[in-house]
Structures are given as structure tokens and as C-alpha cells.
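**Student:** Could you build the full structure based on these sequences and the hints that come with them?
Residues per chain are reported as follows:
2 protein chains.
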Amino acid sequence: MQSAQPTGTNMQNLDTPALIVDVNVLRENISRMQRLADSFGVRLRPHAKTHKSPQLARLQTGAGARGVTVAKVGEAEVMADGGLDDILIANQVVGVEKVRRLIDLSRRVRLAVLVDSREGVQLLERAFGDAGATLDVLIEIDTGKGRCGLSADAEIKELAEAVRDSASLRLRGVETHEGHVPAGSTSSVQMEERAVAAGRRVVEVAAMLRSRGHSVEEISVGSTPAAPWTASVAGVTEMRPGTYVFNDVNQMAIDQATPDTCALSVLATVISRPAVNRAVVDAGSKSLFSEPARRGFALEGYEGFGYIRQAQMARVVSLSEEHGVVEVTADAGFPVIGEQVEIIPNHVCPAVNLHDELYIVDGDDVIDVWPISARGKVR
Amino acid sequence: MQSAQPTGTNMQNLDTPALIVDVNVLRENISRMQRLADSFGVRLRPHAKTHKSPQLARLQTGAGARGVTVAKVGEAEVMADGGLDDILIANQVVGVEKVRRLIDLSRRVRLAVLVDSREGVQLLERAFGDAGATLDVLIEIDTGKGRCGLSADAEIKELAEAVRDSASLRLRGVETHEGHVPAGSTSSVQMEERAVAAGRRVVEVAAMLRSRGHSVEEISVGSTPAAPWTASVAGVTEMRPGTYVFNDVNQMAIDQATPDTCALSVLATVISRPAVNRAVVDAGSKSLFSEPARRGFALEGYEGFGYIRQAQMARVVSLSEEHGVVEVTADAGFPVIGEQVEIIPNHVCPAVNLHDELYIVDGDDVIDVWPISARGKVR
Numbered sequence: 001m002q003s004a005q006p007t008g009t010n011m012q013n014l015d016t017p018a019l020i021v022d023v024n025v026l027r028e029n030i031s032r033m034q035r036l037a038d039s040f041g042v043r044l045r046p047h048a049k050t051h052k053s054p055q056l057a058r059l060q061t062g063a064g065a066r067g068v069t070v071a072k073v074g075e076a077e078v079m080a081d082g083g084l085d086d087i088l089i090a091n092q093v094v095g096v097e098k099v100r101r102l103i104d105l106s107r108r109v110r111l112a113v114l115v116d117s118r119e120g121v122q123l124l125e126r127a128f129g130d131a132g133a134t135l136d137v138l139i140e141i142d143t144g145k146g147r148c149g150l151s152a153d154a155e156i157k158e159l160a161e162a163v164r165d166s167a168s169l170r171l172r173g174v175e176t177h178e179g180h181v182p183a184g185s186t187s188s189v190q191m192e193e194r195a196v197a198a199g200r201r202v203v204e205v206a207a208m209l210r211s212r213g214h215s216v217e218e219i220s221v222g223s224t225p226a227a228p229w230t231a232s233v234a235g236v237t238e239m240r241p242g243t244y245v246f247n248d249v250n251q252m253a254i255d256q257a258t259p260d261t262c263a264l265s266v267l268a269t270v271i272s273r274p275a276v277n278r279a280v281v282d283a284g285s286k287s288l289f290s291e292p293a294r295r296g297f298a299l300e301g302y303e304g305f306g307y308i309r310q311a312q313m314a315r316v317v318s319l320s321e322e323h324g325v326v327e328v329t330a331d332a333g334f335p336v337i338g339e340q341v342e343i344i345p346n347h348v349c350p351a352v353n354l355h356d357e358l359y360i361v362d363g364d365d366v367i368d369v370w371p372i373s374a375r376g377k378v379r
Numbered sequence: 001m002q003s004a005q006p007t008g009t010n011m012q013n014l015d016t017p018a019l020i021v022d023v024n025v026l027r028e029n030i031s032r033m034q035r036l037a038d039s040f041g042v043r044l045r046p047h048a049k050t051h052k053s054p055q056l057a058r059l060q061t062g063a064g065a066r067g068v069t070v071a072k073v074g075e076a077e078v079m080a081d082g083g084l085d086d087i088l089i090a091n092q093v094v095g096v097e098k099v100r101r102l103i104d105l106s107r108r109v110r111l112a113v114l115v116d117s118r119e120g121v122q123l124l125e126r127a128f129g130d131a132g133a134t135l136d137v138l139i140e141i142d143t144g145k146g147r148c149g150l151s152a153d154a155e156i157k158e159l160a161e162a163v164r165d166s167a168s169l170r171l172r173g174v175e176t177h178e179g180h181v182p183a184g185s186t187s188s189v190q191m192e193e194r195a196v197a198a199g200r201r202v203v204e205v206a207a208m209l210r211s212r213g214h215s216v217e218e219i220s221v222g223s224t225p226a227a228p229w230t231a232s233v234a235g236v237t238e239m240r241p242g243t244y245v246f247n248d249v250n251q252m253a254i255d256q257a258t259p260d261t262c263a264l265s266v267l268a269t270v271i272s273r274p275a276v277n278r279a280v281v282d283a284g285s286k287s288l289f290s291e292p293a294r295r296g297f298a299l300e301g302y303e304g305f306g307y308i309r310q311a312q313m314a315r316v317v318s319l320s321e322e323h324g325v326v327e328v329t330a331d332a333g334f335p336v337i338g339e340q341v342e343i344i345p346n347h348v349c350p351a352v353n354l355h356d357e358l359y360i361v362d363g364d365d366v367i368d369v370w371p372i373s374a375r376g377k378v379r
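Line by line, the protein sequences are chains A and B. In terms of the numbering used here, the first sequence opens at residue 1 and continues consecutively. In terms of the numbering used here, the second sequence opens at residue 1 and continues consecutively.
It is worth saying that the hints were derived from the structure and are not from the lab. This one's a predicted model, so the numbers in the text were calculated from it and none came from an experiment. Watch out, some of these pointers could steer you wrong.
Some chain B residues flagged as far from chain A (calculated, every beta-carbon gap over 12 angstroms) [stated by the list, open to error]:
1) R27
2) E28
3) S31
4) G235
5) S285
6) G301
7) Q310
8) D364
9) D365
A short, non-exhaustive set of chain B residues, derived as facing chain A with CB atoms under 7 angstroms [to be verified]:
10) V94
11) C148
12) G149
13) R201
14) P274
15) K286
16) E291
17) D356
Residues from chain A shown here face chain B by an in silico Cβ test under 10 angstroms; the list is partial [what the hints assert, rightly or not]:
18) A18
19) R118
20) E119
21) D142
22) S318
23) D368
24) W370
Built from N, CA and C at the ideal position, the CB exists for glycine as well.
**Tutor:** Next comes the structure, spelled out in C-alpha cells:
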């Protein structure tokens, strides 16, 4: 058995790799996003995919967030078990077993899912009808991401009518994930333009549906990179950013975070110094994930597979599963075997999904250990 | 709770995403590698990082493999608990807590770890000495990978002497991971040259150490892509391939596998058809991992983020955490919502690490479910 270290220990006694979360940075990140949502007059429904922890979600609701967003039924079950009672599954739910679990969940919490097809609507309608249960749905609108969601007005209208014709479904509103906002962005001005355009498009869709007699109480937008702008569009009612709670190199690469506002690091140990310019740490793609950093306009200095706090001129140049290869320059000093370093992941959400617990630290003290209860809940 | 499906069901009843393993392809892959090792007259010590399952490791030892290779102490613990009694941790083990666990393990199974530094040797020597225990070590030789391992003869000699001077450590031999063999390879001829050169180099190092009075009983080489060649070098005693047990797109990209010799797929469901040329499945980077396919000489047709068995002209063009976006061409047919597809991952090892169980199938029947017991054992 891997032993769980007791709280009250110094961080340097932790076995590595380990996810450490600075509780003060975390709390400030939570407050800052809540203030932004309040300033727009919209409800904040954070995406729990970043932390996968009911404890952390309760910090967010305690600070004013309304419920939580998840991507999978399994994540919703974990959040419901952890006391969250207002859950949006921001995904299409397809499959007999998943819908059975969805029906169970709908009797326990305020629940909604996304739809973007007649087939999806029929599947939910029939199963919930047979069970004598009801479900709220939001129509997903593609505002440029090119993933799920409808874009043509005619198709959106048809789908809204299909929901209205269903006895077991209720149209709560419209939803978009403006995940395209940071993609290849060349400036924050460009990001703002894309983010505002996405917000205007969903508000326009909502107006179109209302003009046809549909009730659209929720106009929900998502994504941390777009958060400063999309929800500022008049009419938007809800925002669902996730990454802000920890931040990561991707956020640094678009100038929305600094190392000081990143709450989570992977604590790693130098295990080998095979050459003067090379150190190897015990955190690889199975601890940091393997995404290259987002190509953002402020990327400079953040290339590589993670940002090392202790040696800013040392770069994680490659990862294999259990090894991070660090190119060491003269400026970086010469890390010795046994030394610990803290590495900010490029994309924090999938990195968290690789681990079983978060070590909560205040300064150098480990003050708590939270299980990442929704890790691996891909169904 | 996510429910575990009972065995005896048809594969199409599985909730998705799910890892499915074709038991017949698996058994043939295991036999083929054992025959290769036997033909070289070397012992096979498969790397369990690919499957992380003691059940599967026992199939390998049952077919003739000698023990098992792992990368982490936590993986070694799982394998020992699962009945494997001869374990090589092919990694440097650094850290107080890890070495404490290593001592416990050394009392339960035949155990060895790698060393490539004086500091690493001293750390093990002291802890094992204090505990009155002993440990076998292999010196890691860098034959071109550029990760851990020593390359200069002088440093190798010095380290061997440090091990000889230690009362609690015993030099079992030398080791290399020739992971550079497939990197950017332009032909199998180039791979063969690199693989044989790596084998010759470790044999040469062993000879050098023997000439200085060191006992070198094991000359251990690794990696599936190099397997057809490195262990053919006279003197090599042990090979440690991992990926062969399942194979993957990376192996297809260097002409060492075909879809028919890939034993593992990620079973996924089409959840959205937002455009004529786009389908979205419920398996993203949290099920398939996010590595692009290896740049191999036989890559053509295997680009993208996984190979779809049912629709060979449809490509997984992008992944987000829970979504796989499939570009659909006319040739691919038009997958409907609810349809299942089987996707071979680009790199199977980290994909397996994202899941909790393997569904073992024979034809369309689920005949067993094996827990991926060493998933996430990164310490």
C-alpha cells in the first residue's frame, strides 16, 4: 500500500509525485471569480472537471457559486454524494445504463443535461417517461468551438419543439462552451472579440426561441479564458469556468495567470543527474499529463511540459510516463539528487485526473488531504 | 456508483468508454514475444506498465516469462500482492518513504532497482544497511535515449566500485532502455541499426566491468520497438518489452502491428452528429490519452488521436477531455447517435492508466473483468 502521509507534516516530507494546493491562492482564486460573476450579475456554476473534489466544490458554493458543472454522470454521482444539490452535466448523455443512473440522480438533486439532437432527446424522453420522472435540458449551441452543439437556427428551433412536445423533458435554456476563444489567440483583444461574439450569439438564440413561445430561463456560458468577457454580454445568466480555481501554464500563456496565482503544483523529486545540463525528475506524463502548452500570445518562457517554480530557466523538455527530463542552464543552478521541485502543469484538469488526492498546504505545512473522488469517472 | 457490468454479457451492452481486450489476440501476442525471446535464448521480463494487471502478468509468466518489470515501487507492491515474486523496478528509487517500502518489498520477493549516481547508491546503501537488508541493483546505461543512465566508461566503473564497496547492495548487472530506437525512424533498417548498436554497447560495458572483476550476471534490454533486434546481440540475457502485449497505433506507425494484432481498444459511443462531416464520441483525452501518433515510417493512415476500427476513413481529429471529434468522410459511412466504435489508442500504456478495469472479450462476449490494480501508482 502507498501510505497516505498525515496532515501536520512539512511539505518536504511528502512522497512524490504529489499534487500540492496552496490554500491561500486557492481561496483568492475562488473569491476573484465569484466577484467577477457578481459584477456581471450572473450566477457562477463552476466546472468541477478541474478539481473533481466535492470538498473543493463546497468551498465554491460557500463563496456564492450556485451548484456545480460536471461532464459525466459518474462525476455528477460523486458530487451528489458529496452534498452538491444543483448539478449541470454539460454533456450529451447517451446510453441505456447512463440514462438509468441519470433517472436516479434526477430524484436526488436539481439536475440538467445538454441536448443537440432529435435522437438524444427521444432517448431521454422515452426513458424518463417510462420511469415517470422529468429532466431539465439545455440546448447546446456551437458558437465556434466545432465540437458538439447546433449552429443553424432552423435546427435549434426544431430541437426546441421536440423538447416542448415531450412530456418528460423541460427546456431550461441554452448553453455554449466557447472553448475556441483562446485557440491560437494573438492578443487579449482578439480573445475579447471572440468571447463577446459567442455571448451575443447565445443571447440571440435565446431571443429567437422566446419569440416562438419557448421559456428560456438560463443562458449559460463556459470556459475560464473567456470568463472576463462572455458573461458581460447582457442577457447571459450563468457562467461555468473551471480552470480558474487552480490556473495553469495554459492560463499563463494567455496572460491570465502568473506563477503566483497558480494554486496547484506537482511536487517532484530529482532522481538522476546524468549530465551537467540534464536532471530527471520522478514526474512524467502519468503525473503532469502530456499536453504541450497552449499556443498563446504570452507563451514566452512557458514552453515545455510544465513550469518549474524553483528554477525558472530550467525547462521540462520531454516527458515519458514516469520521467520528466529537465534541461538545466547555468542560470538555473544545479539541482541535486533528492531535491524537490514544484511543477505547474500545462493543463491542470487532466493532470488532476491522474492522481488520487490533493495535498492542501498553507506555506510549507500540509493542512489537509482531499480525495479526488471523481477521478476517472469517465462514464 | 458506476456499476460494473456482469461478465457473460454482449460487448454492446457495456457502458462506455470502456477498455476492451480481445483475449485471443492477447494470448497470441504473449506467445509471439515469448517465442522471440526463446529464439534469442534470453529471458523475457515483460514491462507491466502496459497493462498494470497482476492477472495479465501471470498469463505472461505462465507462458514462460521470468518475473515482471515495473517503473514504480507502488506498481511493484501491486504485483507482489498479485503473486509475482521476481520484480525489477526499472527506475531510480529516491526518497525516504519509497526506500522504506522498498526494504519491505525486498523481504517478500526477488527484487532489483536501477542506479545511475553515487548519491542514489549511498541513499540505498545506508537505508538497507540500517535495516539489515540487501538489495540487487543494475547500473543503467544510456545507449542514446538521453534520459537517465550513465554513458561514460569512467563514470560506470566508478559507480560499479561504489556498489562493490557497499555491504548492503549487490551488483546484478547492467541495463538499458533503448527507447530512442523508434524516434523519428525512417525505416526498419535504421531501427535495426540503432537497436543492435544499443545491445552491443551494453554488452561492451558488461565486458569492461567483468574485466575489472565485477560479476555481471544480467545484461538487460528493453522496449517493444527494439525487441526484434537488441536482444539478438550475443551476451544479452534479458529483454523487457511492454507494449507488445496489446500493441497500439505507435506500433502500427512503425509497421510492427496491424489493427488485427492490437488486442486493446477503447469502446466509445457516438453522442452527437452536429454536422454531416462530424461525429463526436464519448471518449476524449481522459480515455485515450493525448499523445499524437509516433512519427514512424509507416504512419500513413494512422494520423490523428486513435484508429477507429469500424470506419477506417474516419479520423479522430481532436480530443478534449471527454470528447473525441471524428471527421467523417463519405467512405466512412454515417455513424448514428448511440452507435459504438472501437478506437485503438496511439499509446496504449498511458491510456490504460486512465481506466479502472479491463473488459476481457472473446468475440462479442465479455468473459471477464480485470481490475487495473496498478493504475495511478506513481509513487
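**Student:** Next, verify each hint and record whether it holds.
**Tutor:** How the hints compare with the structure:
Separation of B:R27 from chain A is adequate, the least Cβ-Cβ distance of about 25 angstroms exceeding the 12 angstroms criterion. Against the 12 angstroms criterion, B:E28 stays outside the reach of chain A, whose nearest CB is about 25 angstroms from its own CB. Even its closest Cβ contact with chain A, about 26 angstroms, leaves B:S31 beyond 12 angstroms, as expected for a residue assigned away from the interface. No beta-carbon of chain A comes within 12 angstroms of the beta-carbon of B:G235; the shortest separation is about 23 angstroms.
With a cut of 12 angstroms on Cβ distances, B:S285 falls inside the contact zone with chain A, its closest approach being about 6 angstroms. Taking the minimum C-beta to C-beta distance to chain A, about 23 angstroms, the non-interface status of B:G301 holds against the 12 angstroms cut. Separation of B:Q310 from chain A is adequate, the least Cβ-Cβ distance of about 17 angstroms exceeding the 12 angstroms criterion. A cut-off of 12 angstroms between C-beta atoms confirms that B:D364 is not in contact with chain A; the least separation is 17 angstroms.
Taking the minimum C-beta to C-beta distance to chain A, about 18 angstroms, the non-interface status of B:D365 holds against the 12 angstroms cut. The beta carbon of B:V94 comes within 4 angstroms of a beta carbon in chain A, closer than 7 angstroms, and the hint placing it at the interface holds. The interface hint given for B:C148 is met, as the beta carbon of that residue sits about 4 angstroms from the closest beta carbon of chain A, less than 7 angstroms. Annotation: B:G149 was flagged as interfacial toward chain A, and the flag holds, the nearest CB pair being 6 angstroms apart, inside 7 angstroms.
Of the supplied interface hints, the one on B:R201 is violated, with its beta-carbon coming no nearer than about 15 angstroms to a beta-carbon of chain A, more than 7 angstroms. For B:P274, the suggested interface contact is upheld, since its CB lies about 6 angstroms from the closest CB of chain A, less than 7 angstroms. Because the beta carbon of B:K286 sits about 5 angstroms from the nearest beta carbon in chain A, less than 7 angstroms, this interface hint is met. For the restraint placing B:E291 at the interface with chain A, the shortest Cβ-Cβ distance is roughly 5 angstroms, inside the 7 angstroms limit, so the hint holds.
A cut of 7 angstroms between beta carbons decides the hint on B:D356: the least distance to chain A is about 6 angstroms, and the hint holds. With 10 angstroms as the threshold, the beta carbon of A:A18 comes within range of chain B, its nearest partner Cβ sitting at about 8 angstroms, so the hint holds. Evaluation of the A:R118 hint against chain B yields a held restraint, the C-beta minimum of about 9 angstroms falling below 10 angstroms. A cut of 10 angstroms between beta carbons decides the hint on A:E119: the least distance to chain B is about 4 angstroms, and the hint holds.
Because the closest C-beta pair between A:D142 and chain B is about 6 angstroms apart, less than 10 angstroms, the hint holds. Using the Cβ-Cβ criterion of 10 angstroms, the hint placing A:S318 at the interface with chain B is satisfied: the shortest such distance is roughly 8 angstroms. Look at A:D368: its Cβ only gets to about 19 angstroms from chain B, farther than 10 angstroms, so that hint breaks. A cut of 10 angstroms between beta carbons decides the hint on A:W370: the least distance to chain B is about 16 angstroms, and the hint is violated.
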